[in-house]
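S.K.: Could you build all of it, start to finish, from the sequences and the hints given here?
What follows is each chain in one-letter form.
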Amino acid sequence: MTITRNDVPGPGTSPVPGRDARDERGQDGKKRAGIGWRVRLRRDRTLIFMTVPALLLVLAFNYLPMFGTVTAFQYYDYIAGFFHSPWAGLDNFRQLFVDPAFWQAFENTLVLSFVQLVLYFPVPIALAIMLNSVLSSKVRSFVQAVVYLPHFFSWVLVITLFQEMLGGAGVFNHFLTTHGMNTWGIMTDPGTFKYLVTAQAVWKEAGWGIIVFLAAIAAIDPTLYEAAAADGAGRWRRMWHITLPGMRGVIVLLLVLRLGSALSVGFEQFIIQRYAVGSNAAEVLDTYSYYYGVVANNFGLGAAAGLFKAVVSLVLILAANKLAHYFGEDGLYRGKS
Amino acid sequence: MTATSFTRPRPSARPRPRTGRPVWEEKPGVLGQLGKGLSLTVVVLLVVFPLWCVVITSFSTQGSINIAGGIVVVPHGLTLGAYSEMLSGGVVTRAMIIGLVLTAAGTLFSMAVSVTCAYGLSRQRSFGHRTILMTFIVTMFFGGGLIPTFIVVADIFSGYDQYWALVLPGAVSVFNILIIRAFYMNTARDLIDAARIDGAGDWRILGSVVLPTSKAVSAVMALFYGVGYWNSWFNVALYMPTDSSKWPIQYVLYEYVNQGAAMPGVAAHDIAGHSQPAPLSLQMAVVVLTLVPIVIVYPFVQKHFAKGALTGAIKG
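Protein sequence lines, in the order shown, are assigned to chains A and B. Taking our numbering, the leading residue of the first sequence gets 101, the next gets one more, and so forth. Taking our numbering, the leading residue of the second sequence gets 229, the next gets one more, and so forth.
Since the hints were made in silico from the structure, they are not lab data. Worth double-checking, as some hints may not be accurate.
Straight-line C-alpha distance at most 25 Å; calculated DMTMM-like pairs for lysine to aspartate or glutamate [unchecked claim]:
#1 Lys255(B) - Asp321(A)
#2 Lys238(A) - Glu253(B)
#3 Lys264(B) - Glu368(A)
#4 Lys294(A) - Glu368(A)
#5 Lys531(B) - Glu305(A)
#6 Lys474(B) - Glu368(A)
M.R.: Next up, the structure:
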């Protein structure tokens, strides 16, 4: 006998309406007896099989490198590999911590991170609030479409565009010379490099960053605004007392993420421009790892720098999360308590 | 165009975007209105102006570039010369083809792996669900870092064609898988249950029910993967920096435009016989060529952003 649609029990007759047919828990929430793991394995073999390709890729390119962190404690030898390279103990770290170039990179990273926090972080918030106040939905979606676009450009492209605008032969300097002023080598000035990098990051990512904030604003109950307006609150007071508090959770979450990744300030951006401004200004922890590890062929040292960064980052994210709890927000996660 | 053909009733919980001014809102002052309009115009111009200059310069004759003294802002004396030179064979043509093929193949592969994996993880009480899911999630918090990853990848692909090293290591984004999975678990759930009651197997459900009803999220994810492959530059620098005949377009852009190296096949020597960077219009044509695929695909996917990005950002 074949089962037809009519044989399927209707909504009223199902013992647990809306529940997954494969749930092995009964109505009382207790495990049903009789479904052993062999049966479940056989039942779900297709589902498990479907995850295998992705699992293999993750094992090869995420887990194997995690294991490869041992390089930081080895005199890595290309031929011997992870398994047969001689152990170095903490020699790589000793070498790392006496290297002034490493401390320069560390300092650059912290300074850049701070500059980005101050100059980049508020931009998407302000943009989102401003965009949300535009009444015409046509204008809104046009502006959105335009400001999202640079997110999809590569860093090579973004830096090339900056070069054509602000570089020595670019539009800006051409304007300066034709109006009798001295040129300004923004693209090659190590002193202002941190602001240049931040400006590039703002140009590329700030537009895309507003998506999250727009969603947070859209989730605010509109009757709050109406009530506030009836009580005589003006535009700015409504923004201060309703919009911003409504975005507070998202802002804190993104701040936590930002603090947790304080040591990741960008990578391609710095490699591409390192030659133009010099390594003193453009070296950050990630590029240090690359140049001293891959380019200078000192894998142990590069891996040690990478591990140092990973450990400090982990401490930072835990601390930032604690801070979020302190301010009464959920942060990234909340331990069971 | 199929990405838009499926329409789903708007969830009633989300308010429709407001278009008119609510009755209780005061009329804005002229100054405020002016300030807002001005700042929005500036924001839009900051994005559009550089693109405008690059496009115009790429279409300009050498004469008008000379008159402008570099980048051309006001169009004057337009020509297709740069494009016919760039696309008539040679370095840039080859790099465009390599870039497009890599992007198309990589995106297809990534989507196939991610979609099946997301579906495989979408039954919360299936066998091994929690273990497999955790295996993926751990990689979002811990990683090997640059050096160990480089060693592993270089080791795995030594002796093979290096294009594999550009595609496979970044083929799967756990973040994207989780977004797709969340979509399958929330939106497609009832349909999946209905199909199973009707006797469909898992592959059948994925192919005939889940995929056709989740085109929005698929479109956004395919765009994310595709842009990742198209923009990949550092992997080329890591794994095949010396073989210029294999470079995709991004690396060609870096080498011949950003770094100003002399482009092979473009006759440009100064009086002393030193090779020079390619003429500005050709360089800008390369910039435009790297832009074109993104700008073509972008409008079709853009309207789905909110849905695709939000599931990830808000719901985790």
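S.K.: Now look at each hint and say whether the structure bears it out.
M.R.: These are the hints, each one checked on the structure:
Straight-line distance between C-alpha atoms of Lys255(B) and Asp321(A) comes to about 21 Å, which keeps the hinted pair within the 25 Å bound. Proposed proximity of Lys238(A) and Glu253(B) is supported: the alpha carbons are some 20 Å apart, at most 25 Å. Restraint check: the Cα-Cα separation between Lys264(B) and Glu368(A) comes to about 35 Å, which exceeds 25 Å; the hinted pair is violated. With a CA separation close to 15 Å, the supplied pair Lys294(A) and Glu368(A) stays within the 25 Å bound.
This hinted pair checks out: Lys531(B) and Glu305(A) have alpha carbons roughly 18 Å apart, not beyond 25 Å. A hinted pair counts as satisfied when its Cα atoms are at most 25 Å apart, and Lys474(B) with Glu368(A) qualifies at roughly 20 Å.
Hint 3 from the list above is the single one not met by this structure.
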